[in-house]
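With chain A fixed as given, assemble chains B, C and D with the ligands onto it according to the hints.
Protein chains in written order, with the working numbering: chain A, 13 to 336; chain B, 38 to 549; chain C, 35 to 350; chain D, 1495 to 1796.
By construction, these hints were calculated from the structure, which means they are not laboratory data.
Hints may contain errors.
Stated by the list, open to error - As a list, the in silico PhoX-like pairs of lysine-lysine whose alpha-carbon atoms are at most 25 angstroms apart:
1. Lys-310(B) <-> Lys-372(B)
2. Lys-237(C) <-> Lys-392(B)
3. Lys-237(C) <-> Lys-131(B)
4. Lys-424(B) <-> Lys-237(C)
Claimed, not checked - Covered stretches of chain C (chain A as the covering partner; in silico rule of three or more C-beta atoms under 8 angstroms from a C-beta of chain A):
5. 135–141
6. 154–160
7. 169–176
8. 210–224
Because the structure is a prediction, the values reported are computed rather than measured.
C-beta: ideal position from N, C-alpha, C; glycine also.
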Amino acid sequence: MTDISKPIASGRMLLSDEMIQVFYRLLAAFLICAALTILTNSFFSLGNILNVLRQASLLFFIASGLTLVVLTGGLDLSIGANVAISACVAGTVIHQTGSPTLGVLTGIGVGGAVGMLNGVMVTALRIPSFIATYGMLWVLHGITYWYMGGETMHGFPAGFRQIGSGYFLGLPIPVYLLLVFLAIGTIFAQRTTWGQEIYAIGANPVAARLSGIPVARRLLLVYTVSGAMAGLASIIFLARLNSAEADIGESLTLPAIAAVLIGGTSLFGGLGTVFGTFVGALILTLVLNGMNLLSVNASWQPLVTGVIVILAVWLDMKTRRRAA
Amino acid sequence: MTQLAQSKAAVSIVQAAPPLFELRGISKEFPGVKALDDVSFSVWPGEVHMLLGENGAGKSSLMKVLCGAYRADSGSFHYNGEKVEITSPADAQKLGIAVIFQEFSLVPYLDIAQNIFLGREPAGRVPGTIDRKKILADARHVLDSIGFDIDPTIRIEKLGVAQQQMVEIAKAISQNARILVMDEPTAALSDRETELLFALIARLKADGVAIIYISHRMAEVFSLGDRITVLRDGRRIDEVQPGAVSSDDLVRMMVGRSVDMSYPRTFAQTPGKVMLEVKGLSSSSGIAGIDLVVRQGEIVGLCGLVGSGRTEVVRAIFGADKATAGQILFDGQEKSGGPDEAARLGLALIPESRKAEGLALIRSVGDNLIVSALRKIFPRGFFDQGKSRQVAYDLIRQLRIVTPSDKQAVGLLSGGNQQKVVIGKWLAAGAKLFIFDEPTRGIDVGAKAEIFALIDRLVADGAAALMISSEQAEICHVCDRAYVMCDGRIAGELARHELSEENIVKLGMHHA
Amino acid sequence: MREQAMVLNTNPLQRIPGVAVMLVLLCVVFSLMTPGFLTVPNISNVLVQSTILLMLALPMTLIIMTEGLDLSMGAVLTLTSLIVAIVALATGSLLLGLLAAMAVGILFGTVNGWLVAVVGIPPFVATLGTLGMAQGLSLIVSDGQSVVGMPAAVRGVYSGTLGGVPLPIVLALGSYLVFHGLLYHTRFGTYIFALGGNREALKFAGISARRLLILVYALGGAMVGLAGLLMTARMNSGHPTAGLGLEFDAIAAVAVGGTSFERGNGWLLGTLLGVVTVGVLRNGLNLLALPSSIQVASVGLLVIAALFVDGLRSRS
Amino acid sequence: FADGETIAVFTKNQTNPYFQTVRVGSDVAAKAMKAKTLHYIPTKPDSIPEQLSQIEDVVVKKPSAIVFIPVDYKAMVPGVEKINDAKIPVVNVTDRSAGGKFVAFVGADDYSLGLETGRYLLKTLGGKGNFVIIEGVKGSLTNIDRVRGFNDALKENPGAKLLASQPGNYQRLQALQVMENLMQSNTQIDGVLAANDAMAIGAIEALDGANRKAQVIGVNGTKEAIDAIKAGKLLASGDYNGFMQGCLGMMIAIRSLRNEPVITEIVLKPTVIGKENYQPYDVPLESRTCPSWDEAAKLGTK
Ligand SMILES: Nc1ncnc2c1ncn2[C@@H]1O[C@H](COP(=O)(O)OP(=O)(O)OP(=O)(O)O)[C@@H](O)[C@H]1O
Ligand SMILES: Nc1ncnc2c1ncn2[C@@H]1O[C@H](COP(=O)(O)OP(=O)(O)OP(=O)(O)O)[C@@H](O)[C@H]1O
Ligand SMILES: [Mg+2]
Ligand SMILES: [Mg+2]
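Same shape as in the complex, but just chain A (with noise of 0.2 angstroms):
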C-alpha cells in the first residue's frame, strides 16, 4: 500500500487513459494507411486522403453526436433515419424559400427536435434509450415515407451545395466543419462541467442523480445534441449529394455505431472520447476506401468490416488497464 501523503504514484498514471487508447488506434489507423500505399500505387495521394478524410466527416457528423449519447450509457439507433427527414424537410424549405440558411437551421431544427423527443422518452417517460429510439426509427420512417410520397427531391442552390463538395484553400469544406466540430466536441466533453457530469451520468446514473446532477435535463441536451448533429449531417448530406429521398441515411446507422465502438466508446456508458470516435470513423472509412482502390469484391465488404469492428474493439479490450 502507498503513502497517503503522496496521491501520485508512476508517471505512467500521468497519461490518461483515454489518451493512450486513442493513441493505439490512431496506430491502427496508421498501419492500414501504409498497408494501403504498399499494396495499391493510388491511395497515398493528396486527392485520395482529402477524399478519405471528406468521407470520413460524414460518418463523424452523425457519429459524434451518437458518442455523447453513448457516453451516458444509452443507445440512439434512430439516428440515421432523423437524418432523413431532417434532409427532406431541410431540402423542402430551401426549395420553397430558396434560402439556404433558412435550410441549414431548419435541418439542425428538426434533427435537435426529434433529439429532444428521444430524450423525453428515455428521461420523462424511463423507456430504455434502446427500445425508445428503435421506436422513433420507425415513427420518423413513416413520417418521412409519407411526405416524400416515393418521390426525391433534387437539384440545390450552386452556394448551398457547397457545404458539401466545395474547397477553401485546397481542403473540402467538409473537412474544415469536421474539424471545428471535433475540436468542439472535445472541449464539450473533456474541458466543461457539463461533459464532467456526462460522464458520471454514464459512470452510475443513480449515484449522478444522488449527487446532485440534474441527470434528467443533461440527458435531454445529450439527446438533443445528439440529433442536432444528425439535423447537421443530413445538411451536409443534402449539399453533397444534391438531393433528398427518404432512405437516405437509412445505411448509416450501424456504421456510425461501429465508428463509436471501434474509437473505445464504451456501451456501458462513462468511457471514451470524441476524438476516438473521428479515428474510428477515419478506420472505418479506410477499409472501405480501400477495397474499393482494391478492387474487392463487394461479397467481402461486410465480411471485412465485421472482422474489422471485432479486431478494434478487442484491441481496445487489450490496452485498457483501467477496471470496474
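Okay, now just chains B, C and D with the ligands, sitting in the frame of chain A:
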C-alpha cells in the same frame, strides 16, 4: 502478567493438534497495491478466529484468496496438515469452505430457495431439471435452522438488506461447511437478527466448525472471538487472545497509533438558527406525517429498527423520492425539487449503499471526489484538470484515503476508503447540511473516529448533520438529539440527556 | 412472526403487463373494424407468420437476460436459410440441409459466445461483427443469387399440417415449451437468471459463467438454424438478404414482452405475447389497408407504448 | 359492366421513385376505369418475409385482382402460388416471377435497356475511352441484365476499356463514394455506366466535386434524370417506363376481371432518353395519361 501466561497455555493446548486449515506466506499484488504481503493464518475446529484491520488492510482479499476467488501470487494452503491447491471457488467448496461475503452474492430474480442452493440444486427425474419440492423443503429446513422465518419462494429483489444478509448466511450454512468465513456479517443486521446470528455461531462452534470472522465492531470482537489476527497494510501484525488485550491495544495494532474512540464532541451550548424544518412529510415509499427540525451546529440522530423508514425519510428530504404531502423548509426557503436543487441549496446525502448510489465505480477517485463540486469550483462551466486534481489531492490527504493515485478507479478501493470518497465529494461541494445514512457501515475504528471528528468539525463550523445509524451506541455518543422511527412515522424525540440505547429501543418497538 | 417481502402493487390492474393490455386492445379494435380479422384462417395466418420471429425471440430473451444481445441473428438466419437451400439442392435431403444449417448456426452462436465470454468483447460489438461476417458469407456462398429448385419436402415444412395444425405452429409451440422448461425448471435456466442478475454468485457457486454463456449463444445459433429451415421452406428458395434486420424485430418483441435490459429479469411468456402482438398489429393494418407509411410507424409506436405502460406500472 | 373492383398493388418499397411511378400509373389507370386500388409495400424496403406476409393477409381480404411486383423474383414464388390457390387473378409487373400463374406479364427488357443505353454512350464517345460500371444490388434481376447489357455494349467497341465494375447498391451515396474512390485510382475516366439514375446522379456529384468531366448514363428515366439531361449533366437514361408498366398492369387486371380480351405479355421496347427526346417525359407524373387499349395492344409481344 498471569493473564497472559494463562492464555499462552490455552494457545499451546489448541496447537497440540494440527490446525484444520492453514495459509502460509500468502502474497497478492494488484496493480499499484500490495494487498497481501507474506500473510500466514490458521484456524482450528470449533473456534472463532477474528480478523481485524483497517479499511484496505487486506482482510477481504485474504478471504477471497482462501475461497479461491483470487489466486495468490505466492504462498501455500494446508488442510489438516496436508498441502492443498485452491485455484477456484469449486476447489474451496470441496474442502468445505463457505463464505458469507461483504458484497452480496445473491441473484435478484431467483427466489430464496434457488439462491441458497445455487450450483447445488437437487436433481429432478429428467436429467438437468430441478426437484422443486426438495429444494423448497431443504430451503425451509436451512432457514428454520437459523431461526429465519420466511417463505423461500420470495424473490430476492423483494427483500431488504437485512433479509438478504440472512439469506446469505443460510446459503453458507446449507453447505455444511467445515470452515465458515463471515465478512462483516452484522453490518446490515438489526439487533434481533444479530442475536440470531450469534446463537447460530455458538451452535456451529459446538459442532466443531471453524469460523473466520471479520468485523469492525469491537464489542463483537471481544464477545465472539477465541483468537484475533490483526492485519495492517497487507501484513500480519500479530495474533493475540481476546483476554490478553484491550481494545485500545487492538486499535493501536491496526492503525499503528492510538485512536481516541470516545468520539469527543464540542456540543454546541446553544444551537443556532433552524436550518432544516420538515412538516408533515409523506412520500410514495410509505412514510407519513414526518415532522423534524435540524438546527445549525447540531448533529441529529434518526434511529429505529431496520425497515422503519429512516432511509425513506432522508431520501424524501433530499428529493430523491417524490414527496406526496408536507413541506420541507431549508434555511427558511421552501424546497420542492429533486436532488440537484438540494445540492445547490447546500444539502448533502451520503447514501446507504455506496456502490449503487454513491460512486461511479469505473471512474477515478479524483473524478468521484469532484463530481458534486463542479458547479462550485468551476462556476463558468469550464473544467480544468489541474485545479480539479488539486482539490482531489487535498481531500485524499484530509480524509486519509488509501489509494495509489487519484487516477485509480474508485471501484478498486477497499470498502472503507470508498465510503470516505463519498463523504469527500460533499466536503468539496461545501454543503451546509450533511445527511448521513449509515456513515460508518463497514468502516474501521480509526476511520470511524476520523469521520466523527470530521462531522464534529463541520457542525462546529456552522454546518449541521442528520445521521442514521443502526449502531445505537454511536447515536448516543455523537448526537445532540435523536428522532426514533417506527413503521414509517416518527415515534418520538429524545433530547441529549434522554439518549440511551434503552430509550431508543423502547420508542422504536412496534406497538399494537 | 413470519417475515413479509415488500408488497408493492396492491392494485391488481397495475400488475397486468403492458403487452397483454396492448394485445387485447389491438384484437378488440381489429375485430370491430375488419370482418376478416377474427376468422380461423386469419388467426392461423398471424400465428404462422409469427413463428420465425418467435424462434429468434425465444433465445434472444435468454441472451438479453444474460445482459447480452445478438445482433447477428438476422444475418445468420439468412446464411442458415441459404445453407438449407444449397444442401437440400445438392443432396436432395431435407434432413442434411437442416443439420448443416444447425451446425452453421451453432458455429456462429459459439463464436458469438466465445467472443463475449472468453475474449470479453461486449455482446453488441461482438455480434455486430459476426453480423457482417454472416452477411458477407451469405453473399459469397450464394454469389448474390437466389437458390431455387428445392425438393418438394422443403415446401411441406411450411405448408404442411400435423393433426390439422400447421407445422410451423407445431414447431414454434414445441420450441416455446422446450424453452419454458429449460428456463424455469432446469439448472441451466436457473443459471441464466444468475448470469444477468449476479455473475459473481455463479463464480462462487463454482459454475463456469463462460461455458454457460457460450451455451446460451450456441443455443441461439441452433434455433436460428431451425428457423432457417422454416425461412427456406416459406420462400421455397434461399435468398442472400432474406432475414436481414429480423434481429431488431426479435429484440423489439422481447422488449415489448417486458423483459428488462438489465439484471436478468426475463419473462418468456411475455416474449411469446410480444411476438404475437407485433404479428397481430401488422396483420390488422394490412387488413385495414391503411397507408403503408402508417404501417411503418405503427410498430415503432407499439414498442414505445408497451414500454411506456410497463414504465408506468413499475413506477408506482 | 360491374365496376368498383378493388385491385391490390404490390410494390417493393416506398423509397425508390421508380415504384412510385408504377403506383401512380396503376392509380391513373384504375381511376380511368373506375376501380379502386390498395397499395401494399413492405415497411422494410424489399423485405421478402414482409411481402410474403402481406400476400397471406391480402388473400384473407380477397381483393378482386392483384398487380404484383415481387421483391425477389424467385423467393416470392410460394406467395404467388398462394394467390393462385385463392383464385385471385394476378398480373406480374416489372420483375418476371420465376413461377406461379399470371394473367399477364408487363415489363421492360433490362438487357436491351442496358445494351442500348450503353451503345448510346459509346456512340457519343466515338467508341473508345475508359469506362467504369456502377452496379446495383448484387443478384437482383434488373442488375444482372442491365450490367450484362453494359458489358456487351463495351465489348462491341474494341477501343473501349473497362476500368472497374463496383457495386453502388442502387444507392446514391454509395455510388458517390465509390466514384470518388475510383477517381483516385484512375486519372482518366471518360464514361460511367450506372445501373440506375440515383447512382448516375451520385457519380455526377462526385465528378463535379472533383472538377472532372465524364459522360454518365443511367437507367429508369426518373424525373431527376430528365432534369439532369435537360441541364446537360447526364448524357442519357434508359427508359424503364414505370408509369406505363403500372398503367398496363392495371388495365390488364381490370379487363381480365371484366372478361375483356387481354394481352398476356408486354415487354416494352427500350427507349434511350437523351437531350434530343426528353420533352415528352418532362411532365409531372399525375398529369400523364395511360395509353388507350388500342395503343397498348400494339405494344404486346404475345
Ligand atoms: N481487484 C482489485 N484490484 C485492485 N486492487 C484491489 C482489488 N481488490 C482489492 N484491492 C486493494 O487491495 C487492498 C485490500 O483490500 P481489501 O478489500 O482486502 O480490504 P479490507 O481489509 O477488506 O477493507 P474493508 O474493511 O474496507 O473492507 C485495498 O487497498 C484495495 O484497494
Ligand atoms: N423486513 C421488512 N419487512 C417488511 N417491510 C420491509 C422490511 N424491510 C424493509 N421494508 C420496507 O422498506 C421500507 C424501509 O426500508 P429500509 O430497510 O431502507 O428502511 P430503513 O429504516 O432505512 O432501514 P435501514 O436503513 O436499516 O436499511 C419500509 O417502510 C418497509 O415498507
Ligand atoms: Mg473488506
Ligand atoms: Mg436504510
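Outcome of the hint check:
no.: 1; hint: Lys-310(B) <-> Lys-372(B); in the structure: holds (17 angstroms)
no.: 2; hint: Lys-237(C) <-> Lys-392(B); in the structure: holds (20 angstroms)
no.: 3; hint: Lys-237(C) <-> Lys-131(B); in the structure: holds (14 angstroms)
no.: 4; hint: Lys-424(B) <-> Lys-237(C); in the structure: violated (42 angstroms)
no.: 5; hint: 135–141; in the structure: violated (count 0)
no.: 6; hint: 154–160; in the structure: holds (count 6)
no.: 7; hint: 169–176; in the structure: holds (count 5)
no.: 8; hint: 210–224; in the structure: violated (count 0)
Consistency note: the structure conflicts with the earlier hints numbered 4, 5 and 8.
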